[in-house]
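Chemist: Sequence:
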Amino acid sequence: MVNERPRLYVYTLEDLLYNYHNLCADTAMGFFFVLIISSLAGGFGWWVGNFFGIVAALLCSVTASLVGYYYGQKWNRDYFG
14 MVNERPRLYV YTLEDLLYNY HNLCADTAMG FFFVLIISSL AGGFGWWVGN FFGIVAALLC
74 SVTASLVGYY YGQKWNRDYF G
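Basically the numbering used here = 1-based index in the sequence shown + 13.
Since the hints were derived computationally from the structure, they do not count as laboratory data.
Please note that the accuracy of each hint is not assured.
[Unchecked claim] Simulated DEER-style distance windows between Cβ atoms:
#1 G66 to T40: 37 to 47 Å
#2 N63 to Y84: 32 to 42 Å
#3 R90 to L53: 34 to 44 Å
#4 F45 to L79: 31 to 41 Å
#5 T40 to I67: 35 to 45 Å
#6 Y83 to A41: 34 to 44 Å
#7 F64 to G94: 16 to 26 Å
#8 Y83 to M42: 28 to 38 Å
#9 V68 to Y92: 21 to 31 Å
#10 D91 to F57: 15 to 25 Å
#11 F93 to V68: 33 to 43 Å
All residues carry an ideal CB built from backbone N, CA and C; glycine is no exception.
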């Protein structure tokens, strides 16, 4: 119980990136693989949504990025882990 965080803990950017890295993959290469897949999916979502307007582009980009994140993690585990 000595190493537990207090109830009110302010996360820094370094904490968030470290946690994100550890959730994505076991290695730095897996982290970059998931990041690239998510970015490509988000760009594709933006391109598709841009035909309907800026709000649709934003919503499609966010949705595609989340789907890309999921499949990036899945492919990373299945093929590289």
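Chemist: Hints first: check each against the structure and report whether it holds.
Modeler: Here is what the structure says about each hint:
1. Between G66 and T40 the C-beta distance comes to about 40 Å, which sits within the given range of 37 to 47 Å.
2. Between N63 and Y84 the C-beta distance comes to about 22 Å, which lies outside the given range of 32 to 42 Å.
3. Under the hint 34 to 44 Å, the C-beta atoms of R90 and L53, about 18 Å apart, miss the expected range.
4. Hint check: F45 to L79, Cβ distance near 18 Å, so the stated range 31 to 41 Å is violated.
5. Remark: the range hint 35 to 45 Å for T40 to I67 is upheld by a beta-carbon distance near 37 Å.
6. Evaluation of the 34 to 44 Å hint for Y83 and A41 yields a failure: the beta carbon distance comes to about 20 Å.
7. Checked against the given bound of 16 to 26 Å, the beta carbons of F64 and G94, roughly 37 Å apart, lie outside it.
8. Range check, Y83 to M42: Cβ separation about 19 Å, and the 28 to 38 Å hint is violated.
9. For V68 paired with Y92, a C-beta distance near 36 Å fails the hint of 21 to 31 Å.
10. Taking the beta carbon of each, D91 and F57 are about 21 Å apart, inside 15 to 25 Å as hinted.
11. Taking the beta carbon of each, F93 and V68 are about 36 Å apart, inside 33 to 43 Å as hinted.
In the structure shown, a violation is registered for the earlier hints numbered 2, 3, 4, 6, 7, 8 and 9, in ascending order.
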